[in-house]
Amino acid sequence: MAAPGSGPPRSPATRAGRWVVVVAFSVLLAFPFYWMVITTFKQTSDLYDTTHNPFIFGAAPTLDHLRLLFGETLFLRWFLNTTVVGAAVVAITLALAVPAAYALTRLTGSWGPRVGMGIFLTYLVPPTLLFIPLSRVVARLGLQDSLWSIILVYPTFTVPFSIWLLMGFFKSIPRDIEDAALVDGLTRFQAFLQLIIPISRSGILTVVIFTFTLVTQEFVYALTFISSASHQTVGVGVPIYLVRGDVYFWGSLMAACLIASLPIAFVYNLFLDRFIAGFTVGAVK
Amino acid sequence: MRPSTRLGVAMFAPALLYITALIGLPLALAFLYSVGDVTVGSVGWHFVGLRNFESVLQSPSFRRALLNSFVFTVATQVIVIVCANVLALALEAPFRGRGVVRFLVLLPWVAPISLGAIGWKWILDSIYSVINWTLVHLHLVKPFDAPMWLGDPVLAMASVVLVHSWRMIPFSTVILLAGLTSIPREIPEAAAVDGAGFWRTHFTITLPMMAPIINVAVLFGVIFTFTDMTVVYILTRGGPYDTTQVLPSLAFFTGILGSDLAEGAAISVFLVPILVAIALLMLRVAHRAEVV
Numbered sequence: 189m190a191a192p193g194s195g196p197p198r199s200p201a202t203r204a205g206r207w208v209v210v211v212a213f214s215v216l217l218a219f220p221f222y223w224m225v226i227t228t229f230k231q232t233s234d235l236y237d238t239t240h241n242p243f244i245f246g247a248a249p250t251l252d253h254l255r256l257l258f259g260e261t262l263f264l265r266w267f268l269n270t271t272v273v274g275a276a277v278v279a280i281t282l283a284l285a286v287p288a289a290y291a292l293t294r295l296t297g298s299w300g301p302r303v304g305m306g307i308f309l310t311y312l313v314p315p316t317l318l319f320i321p322l323s324r325v326v327a328r329l330g331l332q333d334s335l336w337s338i339i340l341v342y343p344t345f346t347v348p349f350s351i352w353l354l355m356g357f358f359k360s361i362p363r364d365i366e367d368a369a370l371v372d373g374l375t376r377f378q379a380f381l382q383l384i385i386p387i388s389r390s391g392i393l394t395v396v397i398f399t400f401t402l403v404t405q406e407f408v409y410a411l412t413f414i415s416s417a418s419h420q421t422v423g424v425g426v427p428i429y430l431v432r433g434d435v436y437f438w439g440s441l442m443a444a445c446l447i448a449s450l451p452i453a454f455v456y457n458l459f460l461d462r463f464i465a466g467f468t469v470g471a472v473k
Numbered sequence: 376m377r378p379s380t381r382l383g384v385a386m387f388a389p390a391l392l393y394i395t396a397l398i399g400l401p402l403a404l405a406f407l408y409s410v411g412d413v414t415v416g417s418v419g420w421h422f423v424g425l426r427n428f429e430s431v432l433q434s435p436s437f438r439r440a441l442l443n444s445f446v447f448t449v450a451t452q453v454i455v456i457v458c459a460n461v462l463a464l465a466l467e468a469p470f471r472g473r474g475v476v477r478f479l480v481l482l483p484w485v486a487p488i489s490l491g492a493i494g495w496k497w498i499l500d501s502i503y504s505v506i507n508w509t510l511v512h513l514h515l516v517k518p519f520d521a522p523m524w525l526g527d528p529v530l531a532m533a534s535v536v537l538v539h540s541w542r543m544i545p546f547s548t549v550i551l552l553a554g555l556t557s558i559p560r561e562i563p564e565a566a567a568v569d570g571a572g573f574w575r576t577h578f579t580i581t582l583p584m585m586a587p588i589i590n591v592a593v594l595f596g597v598i599f600t601f602t603d604m605t606v607v608y609i610l611t612r613g614g615p616y617d618t619t620q621v622l623p624s625l626a627f628f629t630g631i632l633g634s635d636l637a638e639g640a641a642i643s644v645f646l647v648p649i650l651v652a653i654a655l656l657m658l659r660v661a662h663r664a665e666v667v
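Heads up: the protein sequence lines correspond to chains A and B, in order. Counting in our numbering, the first sequence tops out at residue 473, every number present. Counting in our numbering, the second sequence tops out at residue 667, every number present.
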């Protein structure tokens, strides 16, 4: 009998087929990251020698590209900027989305879910439609080329998404808990603060992680609103400012891509199941 | 108003205000700009009717970008949905090393796309492309006749499609995987007992049951592809000669780099019909799910 979850019994052929598919996709999908690793540690002369086998080290590995990246570029500054923006956007997102999601699940009766769907649809309005008018708004507010511009604008995509995610969480909390608290003399708002928020810790943590990763992924707004290299985020700074004219410092560039990608990838992976649950449960029960 | 309703309004109001001010208002402005005459330095706004749309529609770059947007979206989604189905099916059952495999196949989705794309730019380099090195050493192409991936219009478009597919496959796979694991085990097992083979079970039972979740994956995929300019911007900047331009990237080059906010807005407004269609489909999918 097949093990639970392994589906119908499968022939050796399908098992071999699966093995081929898994290996092929792992190689194809992860290859650019392998390529970043090898480029990071290759000497420039080795990198640009077309007679060398590019898959292996043709000369001794080097740390020069990393030294250049950390010593002579704004990479650390971009990292810091991204962290600051991420933290600020997380704070704004939580302040707006947590109460809103609670109100929509518990306090609005029948129109709550419908408004929730409406909120979710605003998540589908892409930055590429809004960046032109927002560039004007940002200029009017005197925020161009400042981190404040993206701190103000990024919640446009993190808030709708987080409200949607949190509504799913709040729905799963039994109503009895709040009812008991109300009988004990707490107000509805106190019950929200003292009971619901602590119970939803994991949902809130999920929102924090996904808000932060959405911020690190964003490209169009940072490219449009921020003009000086020192105010840039990692996602735009690396591909735009590590290229001097037509000269690509491939070693340092790939090192930067790798270092900026991996920590985000690790954290995201830990929370992925929740993210999917939020995404799919919302759209299809 | 009941006290709890009042509290509900108070708790919801800040988010609603923010969304109205920074999504609703700019959306309205995008439409206003598209029928006005704003540039980066200009003050005031004059109604110019459909002039921007006329001028945009007459531009060959725009017509190419419009066509490219559809090619880009449809080609990417076909590749993604086929690959994601195959991969989700392969990853469904537990096996040793599944955690590692999952991490590896998810990397393209979880890493910032601009950084993944710059990785590809190096892989597709005109002189040092590792793909070309491999092709040459397998004697599939001649050393001085290797493809210029980002320099030839057709190859450049193919590269953009493939890199975006690379980025979208993990996302669709995970959504489909979630759908696959929600199908009650007994159904495909019963089919197997009744003598249905793997493919037959897959196409007559599993796929139809997965239809709603595949819809969700496709709808999100279309949104993320049709409205994205990151891959195009990093890989080709719309080149060679605007042959890989898509609507969002052309809007960026026209509206921001070219300072013509009105024409840029007119170009981006062409995204709206697709977004509305997707939103309606999304509502239908959600509605149907609620009825079940």
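Keep in mind that the hints are not guaranteed to be accurate.
Okay, derived cross-link-like pairs now, SDA-like style, lysine to any residue, Cα gap no bigger than 25 angstroms in a straight line [to be verified]: (1) A/Lys359 with B/Thr556; (2) A/Lys359 with B/Leu402; (3) A/Lys359 with B/Ala661; (4) A/Lys359 with A/Ile339; (5) B/Lys517 with A/Gly373; (6) A/Lys359 with B/Ala654; (7) B/Lys517 with B/Ser501; (8) B/Lys517 with B/Ser504; (9) B/Lys517 with A/Gln332; (10) A/Lys359 with A/Asp434; (11) A/Lys359 with B/Leu513; (12) A/Lys359 with B/Ile558; (13) A/Lys359 with B/Pro389; (14) A/Lys359 with B/Thr579; (15) B/Lys517 with A/Asp234; (16) A/Lys359 with B/Ser504; (17) A/Lys359 with A/Gly433; (18) A/Lys359 with B/Ser557; (19) A/Lys359 with A/Thr375; (20) A/Lys359 with B/Phe519; (21) B/Lys517 with A/Pro301; (22) A/Lys359 with B/Val660; (23) B/Lys517 with A/His240; (24) A/Lys359 with A/Ser233; (25) A/Lys359 with B/Asp527; (26) A/Lys359 with B/Glu467; (27) B/Lys517 with A/Ala379; (28) B/Lys517 with A/Thr296; (29) B/Lys517 with A/Thr375; (30) A/Lys359 with B/Ser501; (31) A/Lys359 with B/Ala553; (32) A/Lys359 with B/Pro378; (33) A/Lys359 with A/Val325; (34) B/Lys517 with A/Arg389; (35) A/Lys359 with B/Leu555; (36) B/Lys517 with A/Lys359; (37) A/Lys359 with B/His577.
None of these hints come from the bench; they were simulated from the model.
Comparing the hints with the structure gives:
1. A/Lys359 with B/Thr556: holds, 22 angstroms
2. A/Lys359 with B/Leu402: With a Cα-Cα distance of about 31 angstroms, the restraint between A/Lys359 and B/Leu402 is violated, given a limit of 25 angstroms.
3. A/Lys359 with B/Ala661: holds, 16 angstroms
4. A/Lys359 with A/Ile339: violated, 30 angstroms
5. B/Lys517 with A/Gly373: violated, 82 angstroms
6. A/Lys359 with B/Ala654: holds, 23 angstroms
7. B/Lys517 with B/Ser501: holds, 15 angstroms
8. B/Lys517 with B/Ser504: holds, 14 angstroms
9. B/Lys517 with A/Gln332: violated, 50 angstroms
10. A/Lys359 with A/Asp434: Not satisfied, since the Cα-Cα distance of roughly 54 angstroms exceeds 25 angstroms.
11. A/Lys359 with B/Leu513: violated, 58 angstroms
12. A/Lys359 with B/Ile558: Status holds; Cα separation ~23 angstroms.
13. A/Lys359 with B/Pro389: Roughly 21 angstroms between the alpha carbons, so the hint for A/Lys359 and B/Pro389 holds.
14. A/Lys359 with B/Thr579: Given pair A/Lys359, B/Thr579 is violated - Cα atoms ~35 angstroms apart, limit 25 angstroms.
15. B/Lys517 with A/Asp234: holds, 22 angstroms
16. A/Lys359 with B/Ser504: This hinted pair is violated, its Cα atoms lying about 52 angstroms apart.
17. A/Lys359 with A/Gly433: violated, 53 angstroms
18. A/Lys359 with B/Ser557: holds, 20 angstroms
19. A/Lys359 with A/Thr375: holds, 20 angstroms
20. A/Lys359 with B/Phe519: Not satisfied, since the Cα-Cα distance of roughly 63 angstroms exceeds 25 angstroms.
21. B/Lys517 with A/Pro301: violated, 61 angstroms
22. A/Lys359 with B/Val660: holds, 20 angstroms
23. B/Lys517 with A/His240: holds, 17 angstroms
24. A/Lys359 with A/Ser233: Violated, at roughly 59 angstroms.
25. A/Lys359 with B/Asp527: violated, 53 angstroms
26. A/Lys359 with B/Glu467: violated, 29 angstroms
27. B/Lys517 with A/Ala379: Violated, because 73 angstroms separates the two Cα atoms, which is more than 25 angstroms.
28. B/Lys517 with A/Thr296: violated, 69 angstroms
29. B/Lys517 with A/Thr375: The given pair, whose Cα atoms are some 78 angstroms apart, is violated under the 25 angstroms limit.
30. A/Lys359 with B/Ser501: Given pair A/Lys359, B/Ser501 is violated - Cα atoms ~54 angstroms apart, limit 25 angstroms.
31. A/Lys359 with B/Ala553: Roughly 20 angstroms between the alpha carbons, so the hint for A/Lys359 and B/Ala553 holds.
32. A/Lys359 with B/Pro378: holds, 21 angstroms
33. A/Lys359 with A/Val325: violated, 36 angstroms
34. B/Lys517 with A/Arg389: Since the Cα atoms of B/Lys517 and A/Arg389 sit roughly 60 angstroms apart, the hinted pair is violated (cutoff 25 angstroms).
35. A/Lys359 with B/Leu555: holds, 24 angstroms
36. B/Lys517 with A/Lys359: violated, 62 angstroms
37. A/Lys359 with B/His577: violated, 34 angstroms
Checked against the numbered hints listed earlier, the structure breaks hints 2, 4, 5, 9, 10, 11, 14, 16, 17, 20, 21, 24, 25, 26, 27, 28, 29, 30, 33, 34, 36, 37; every other hint is satisfied.
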